[in-house]
Amino acid sequence: MVDASRLQRSWAAVAAYGDQVPLRFYSRLFAASPETRELFPLSMAAQRDRLVTALGYTVSRVDDLDSLVPYLQQLGRDHRRFGALAQHYGPVGEALLATLADFLGQDWTAELAQDWTDAYGLVAQVMIAAADDATRWMPAHWTAEVVGHERRTFDIAVLTLQPDERYDYVPGQSMAVETAFRPRLWRYYSPANAPRDDGSIELHVRRVPGGPVSSALVDQVQKGDLVNLGSPVGYRLTRPLDGELDLLLVAGGTGLAPLKALVEQVVTEPETRRVDLYVGAGTVRELYDLEALTALAEEHTWLTVTPVLREEPAEGSLEAEEVGPVELGPVEAVALANDRWRGHDVYLCGSDEMVHSGLERLRLVGCPPERVHYEGFQGLGGDVYGVLELRGEKQ
Amino acid sequence: MSSEIAGDTPRKLPRHLSPSQVRDTTFERAPFGRRGLDETEVQSYMDRLAEELALRDIEIQRLTNENRQLKHALREWHRQLVGHDAAELIAKAQLQVEAQIAQAEAYAREREEEAARRYEAIIAEARQMAYDQAQRLLVDTPAPLPAAASVAPAADPAAQQRQQAYAGAILQALDSLAAQVEASRQALTYELDQLPMPTEPGPQRDPEPPLLALAEVRRPKKPKKPPKADPATDEAPNPD
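Chains as they are written, first to last, in my numbering: chain R, 1 to 395; chain A, 396 to 635.
What the hints contain is simulated information worked out from the structure, not anything from laboratory work.
Everything numeric in this text was worked out from a predicted model, so none of it was measured.
Treat the hints loosely; a few may be bogus.
Said to hold, decoys possible - Label-pair distances were calculated between CB atoms; the ranges are:
hint, chain 1, residue 1, chain 2, residue 2, range
1, R, SER67, A, LYS466, 28 to 38 Å
2, A, ASP527, R, LEU245, 44 to 54 Å
3, R, GLN125, A, GLU471, 21 to 31 Å
4, R, PRO139, A, GLU471, 35 to 45 Å
5, A, GLN416, R, ASP168, 57 to 67 Å
6, R, VAL365, A, GLU483, 51 to 61 Å
To be verified - Here chain R is said to cover these stretches of chain A; the calculated rule only asks that three of the stretch's residues, wherever they fall, bring their Cβ under 8 Å from a Cβ of chain R:
hint, region
7, 417-424
8, 433-439
9, 490-496
Where a beta carbon is used, it is the ideal one built from N, C-alpha and C, also for glycine.
So that you can see chain A by itself, here it is in the shape it has in the complex (with noise of 0.2 Å):
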């Protein structure tokens, strides 16, 4: 065979003899001489050749695609067949999953909200009325304000003392608002746990001290409010 076809670039597929390449083919003439083929012979040879090659590979495509249609039509019947209906069910079920998520979401954060106000609230009271009582206590005694609860050296014991009494004021105020605000903290926390939230499998928590809290907090019949403050930081406290 001539250098013409050994000479094609290989691809990656293997290497077909198209019929033009068939057709175009060539031949050295047999040296003088030497006995050789008809040259007419092996040419009409040839060209049969090509077209029956050229046949080929008009059958070869058309299978090709048969082929795809067939598989497209096969994956259609049985995507007709069975996913659909199975998918619709799933479909649904998710949605009403979703809407029952969606709605216990609701439900925590409107409860979250109100104890995020709820906490404000009592925080702010609660420093606020350590701070006037403070004030007041320090208004009592003739002695120039100390800033803030800053513990700044204090000259004589008297001021000291004021100072002291300033700052126990404040932290004995805060100490049993702050156990308030945890039991109500955790008291949320607990109700927020038994919402309809589908749960998966997680790590669990033993709901013990929560419980004890909660019990003032879930009793249906007591009217929800904020709990109340401490009678104990009802009263000035005592500066000794």
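The shape of chain R in the complex, shown without the other chains (with noise of 0.2 Å):
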């Protein structure tokens, strides 16, 4: 029924017009249906780059429908919590094709729009089934109340959230966070700890000049205020099933997060292994979470924490004084040094440019590839779902 070839085609058109296709279609949405504007956040410019990646995702797979549909089932899962509902589809899918026609003028024809048609029926089909299913297992998004705001240094705050229902997730995950403050902007967080008994959450979040979210979490919210999750997400950092190698954990700032999650999973293992967790910061004073870690690897032998500082203090001085036992370098350079990688399965979580530079090490060294996890906090390593939103905020 649908050309695929010339449905691709068709799109590679549209999209060598760049930011004007998605600029299009939303105007010719809010035009159309104007109650749709309020799903969207006052700049688009990030949902611009989204739908069009998505759409590109689409595209290119709409001849193989056994990768297609679970990505479409995901997306229509994850959409509820932007609160899409069945009725928007039709829209969406006018202003979609009116976009087109826009771009590709005399070349848009009866039989062009009527594939177009049938391929944005079937994702739409695909996308609203799926959520429709998952309000039988799962609310639209859990709101959290925060029960700890803890600033540890003038950028860095350490959230304890407390889920109104029951959230199940997997150490290593992400979910998406939304404060009332900063309405419709979602960005993803991960739960610092292993699902608790009460089931409380802690997160890390710095503070990113000019970044609306993590500065709104940083500085506004307080204790008592309600908070916005989606549903965890993500398995680049989870441990594989039949993992049995010890772990070699490295963080670069907050990127402790999920690998402090990591560490607790062990906790509540019947089996122990060796854990290394190496931290890094620049100063002694963004070693913000290193008390916990502390007592945590004098409750359990099998873990040693290792903080790493970019510089060394300046002789004489009170960091000097206070630091004790610490490395010195880049984190990744210190905690890939000398072998240690061998028998390990490797978590690396910080900056791209950390992870990337960890990644390299260990790609001249000859680790395997499947023994190495990680997840920058730009993207690096591809987006969850290769098209939603990322990790912590932009720099």
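Since each chain comes alone in its own frame, lean on the hints to assemble the complex.
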């Protein structure tokens, strides 16, 4: 029925117009159905990128339903937290077709229109069905009360959240977070703990200068406020089911959060294994969670925690006094030196720069890629589904 | 009718009799001695029927195509007539809003970076000052230097006193500076809230305590510079 290659050719022709395409699409959507504007944030710049990526992904796999359908199902489920309803899919389809027609001009034939109508119909059908199905087993989003808000440094805060309903996740996953101070802006953060009996979740948030959500979470949100949580996503940093190796965890800054959750996961396991955690920071004070980590290491002999500072504190300074046993240098360089990765599953989380440098080192020494698990703040290694938001906030 | 037709696999759509099915249909001969129809006459009628069906199928196809073209033309007409201008306007407005947001965010970013630098400098200075003073204090008394602020069990009361003095010096300096830093942080938060960031209905915070500190920081005539250290901390803390 749908001529896949004709569809793909037409998309390639339209996509060449760049940001104009999503801009026209959303404008047409809002012109025709003003009520849909409410579903989006004021600034649509990031949204436009996402739309184009999602469309491109879908079109490129329109003849490969085995990989397309699960992707669309996840997309449909995920759209529930934005308030997308079945009745929105019609206007969206109209706006999409009109946009394609705008850009294709004479090449927008009745046959091509039929292809797109059929393809979009399929996409909408799968997304709606998945969203509808999900209503039976999970809420559109969770609401959580901020029960703890502790500033550890000028720009890092540790938040404790208490979700209103049971929130099941696997250590290493992340979840989209929205605060009422910045409506409709969702950013991904990782729980820094393994699931607890009382259901509370610890978040590590670093304020990114100019980042609307992170600054609200660090500066404005207080105890007693509510935040919204999306469903847990991502398997880049979760442990393989059959993982039997010791763990080498390499954290830069608040990249510590998902890795600390992995440490806590090992605590709950019957079989212990060695865990070596390297925590990187610029200054002593930026080792914002060292106290808790040290306590964990004192309690569990299988865990070693090594703080790593980028630069040596000046001699005679207070910091030089305070620093206990600490290593110096880029955290990934220290952690991966001396073949420490051998016999380990390696986990890297931090800035893209740090993660990239770590991956390069591991590649050069021949560490098998399947032993390496990583996620960069700015999306290194691909996004959760290839299209949605990034962890934390863009620098 | 023969079993040839009945044996067709059922389709989802209502089954249509195709011209070839009509043409190829055969009938059992009437048993000998029974009356029957003229075979040739039946066959020629079936052929005619098949032809009619074929023509009708072609016509349906033609009408379907035409319908699709008409719908397409109608949608095109509608698209060009109504959607386009409104969409252009909305797009323009959207880009303007985004330019303003980007400007506000850039401004916020600069202020936040500046505040972070100032904060780090104040803290580092305060810590170092407290440390130096405590060191001086300890050097004056001929006792071994205790390592950092660790509370090691002290053997004699004099050593214990020295350690307390050391810790006290640091705490005192830090406390007074922490107050300043907090004031400057609140001022910054307030300033950021004043940015022309298009806000949407969200929880409102009473801007109470920050306003006081802000009055100092925001007064336009006052030169903007890092808040001075509290005079109290400029003096050596009294060990007693």
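Coverage claim, chain R over the region 417-424 of chain A, checked by counting residues with Cβ within 8 Å (three needed)
violated (count 0)
Assuming the hint says 28 to 38 Å, is it satisfied by the Cβ distance from R:SER67 to A:LYS466 or not?
32 Å, holds
Three residues minimum, CB to CB under 8 Å: does the region 490-496 of chain A make the cut for coverage by chain R? Let me know.
Check passed, 4 qualifying residues.
Hint says 57 to 67 Å; check whether the CB-CB distance for A:GLN416 and R:ASP168 agrees.
58 Å, holds
Lying within 35 to 45 Å: is that true of the beta-carbon distance R:PRO139 to A:GLU471?
The hinted range 35 to 45 Å holds for R:PRO139 and A:GLU471, with Cβ atoms some 42 Å apart.
Counting residues of the region 433-439 of chain A with a beta carbon closer than 8 Å to any beta carbon of chain R, are there 3 or more?
It is violated: at least three residues are needed, and the region 433-439 of chain A offers just 0 whose Cβ sits closer than 8 Å to chain R.
CB-CB spacing for A:GLU483 and R:VAL365 relative to the 51 to 61 Å hint:
56 Å, holds
If you check the beta carbons of A:ASP527 and R:LEU245, does the distance land in 44 to 54 Å?
48 Å, holds
Is it true that the C-beta distance of R:GLN125 to A:GLU471 lies inside 21 to 31 Å, as the hint says?
This hint holds: roughly 25 Å between Cβ atoms.
Violation of the numbered hints given earlier is confined to hints 7 and 8; the remaining hints are satisfied by the structure.
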